[in-house]
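Peer 1: Chain by chain, the residues:
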Amino acid sequence: MTALAVLTTGLLTASIVLIFFYAPVDADGLNQKIFYFHVPIALTSYACFGWGGLKAFLHLWKRPPGADLESYVAIHQGVIFGALTLVTGSIWAKVRWGTWWTWSDEQLVLFLVLFLFYCAYFMLRYSVDPGPQRANLSAVYALFGVVLIPISFMAIRLANSYIHPTVFKSSGPDMATSQLATFCVAWAAMLSLAYFLYRFELAGKKLDANLKELRELLA
Amino acid sequence: MRRYAADVAVLARKDLTLELRARDTLPAMLLFVVSTLVVFHFALPRHSSDLAAKGLLWVAIVFTALVGLTRAFVAEREQRLIDGLLLAPCDRSAIWLAKSIAVLAFLGVAEIVALPAYAVFFSGIGWSTIAAVCLADLGIVAVGTLLAAVAAVSRTRELILPLLFLPLAIPVVIGGVGASVVGSPARYLGFLCLYDAVFAIISWASFEYVVTE
Amino acid sequence: MTTEEKYVAAAYLVVFLVVLIYVVIMAAKLTRLGAAVAELTELARDRKRSGEPPAKPAPKQVKVG
Chain A
1074 MTALAVLTTG LLTASIVLIF FYAPVDADGL NQKIFYFHVP IALTSYACFG WGGLKAFLHL
1134 WKRPPGADLE SYVAIHQGVI FGALTLVTGS IWAKVRWGTW WTWSDEQLVL FLVLFLFYCA
1194 YFMLRYSVDP GPQRANLSAV YALFGVVLIP ISFMAIRLAN SYIHPTVFKS SGPDMATSQL
1254 ATFCVAWAAM LSLAYFLYRF ELAGKKLDAN LKELRELLA
Chain B
3 MRRYAADVAV LARKDLTLEL RARDTLPAML LFVVSTLVVF HFALPRHSSD LAAKGLLWVA
63 IVFTALVGLT RAFVAEREQR LIDGLLLAPC DRSAIWLAKS IAVLAFLGVA EIVALPAYAV
123 FFSGIGWSTI AAVCLADLGI VAVGTLLAAV AAVSRTRELI LPLLFLPLAI PVVIGGVGAS
183 VVGSPARYLG FLCLYDAVFA IISWASFEYV VTE
Chain C
35 MTTEEKYVAA AYLVVFLVVL IYVVIMAAKL TRLGAAVAEL TELARDRKRS GEPPAKPAPK
95 QVKVG
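Residue numbers (the working numbering), protein chains in the order written: chain A, 1074 to 1292; chain B, 3 to 215; chain C, 35 to 99.
Heads up, a few of these hints could be off.
[To be verified] Heads up, simulated DSS-like pairs for lysine-lysine below, C-alpha to C-alpha not over 25 Å straight-line:
| no. | chain 1 | residue 1 | chain 2 | residue 2 |
| --- | --- | --- | --- | --- |
| 1 | A | K1278 | A | K1167 |
| 2 | C | K63 | A | K1285 |
| 3 | A | K1279 | C | K40 |
| 4 | A | K1167 | C | K40 |
| 5 | C | K82 | A | K1285 |
| 6 | C | K82 | A | K1278 |
| 7 | A | K1278 | A | K1135 |
[Stated by the list, open to error] Coverage of chain A stretches by chain B, computed from C-beta distances (three or more under 8 Å per stretch; other residues unrestricted):
| no. | region |
| --- | --- |
| 8 | 1144-1153 |
| 9 | 1184-1191 |
| 10 | 1222-1235 |
| 11 | 1278-1290 |
[Stated by the list, open to error] Partial selection, computed: residues in chain C whose CB lies under 7 Å from chain A:
| no. | residue |
| --- | --- |
| 12 | Y41 |
| 13 | L47 |
| 14 | V48 |
| 15 | L51 |
| 16 | A62 |
| 17 | K63 |
| 18 | L67 |
| 19 | G68 |
| 20 | A72 |
| 21 | L77 |
Please keep in mind that the hints were generated in silico from the structure rather than gathered at the bench. All C-beta atoms in this analysis are idealised placements derived from N, C-alpha and C, irrespective of residue type, glycine included.
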């Protein structure tokens, strides 16, 4: 894990250097720099939810002992990065279009829906006593979440045509090579950060469990 | 296959008969939806468009469904019938299908009252709205029944069902409202079909894991 | 700094802060775990002193569901 931490630090430093010193300032202006963090954070959040769904599926299918905990921690990371997506997206919207929130940014609206969905995941988890049933319920709900992502995306896209036409797009513009390289480094950095935090939190939770068992054995 | 259908029929008939005798869920849903429509009249200021009212119709449908879904597994949970059901030699997903059919019946009856009430209180309803309501019902009931079973197991029960259900209901509302207000509703109706198919399959497949240890 | 620059800085600052908050939470958890380990070590020492056979095997992976 130390190696992972070092890798994360290196990638994050490299990406910040590249963003501010290497990538050219876009026609949009300086605010485009936010894009280099905002989109990788969003993609990383999707990856976390996907990973959580995968672990949930594995839990239901093969029942490896750690899968439920791993699914939970992955979804926890996904929610943290999702919240970050919403905040950075909101700041970006404020800079570009003058409002803190815009319903026509499809990615942002999708994240809002997913954020609500996965917050309910935690409420569900805390309202059931620990045990195999809680693991099953969480896994089923996590899988629903993964299915919801593309369905919601389609729905939000459909919704925009009767709410108001899509005027603003925040998805990446055609990028020059240097911008693309910077973007990829930033994306790698975010994925590395998410994975590191995931392993970090998992280690903490396993320590908790071991200590609990130790206490029971000694008492 | 025939055995499965027979199981589903028996279980669904049980739920419908229970409701026919107890008569608690369905009248509540009917009263709820009409009261909600009246509240909506007062919630729409003058010069609000027809379209706003159409949108609110879908809000009424989703929340009426929630009222019905909250009651869906109450009997099973309170009288421990779920253990008896699980001991029965039927496929677990048959329980889900039967319960979904029963809730669909309740929701359908509620809508048979709600849609004419809406037409009287607000404005007329086209065929696209009716088609959308039928399609949306399937999706709402499929997902809602599974989530009602999940909520029945948790400590907070009725409290958590809306939290679990509403994010999943957002695509249904989008599809339904879109089909109701747009000139060519085909895309929205198609989307509702997709939603129904996807979530019915996943609910059917995962019900077993929700009720077993 | 122009307004634009301020917003860009704010966005990056938010990300940085969230990671820092994570570190703080983990530090608190580490302190708590350290205290728990100390307490359990004391318990084990008492056991050994009073002559009971040490009861526990090495801690093994436990399923947390």
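Peer 1: Just pull the numbers of the violated hints for me, sorted ascending.
Peer 2: 1, 3, 6, 8, 11, 13, 15, 16, 19 and 20
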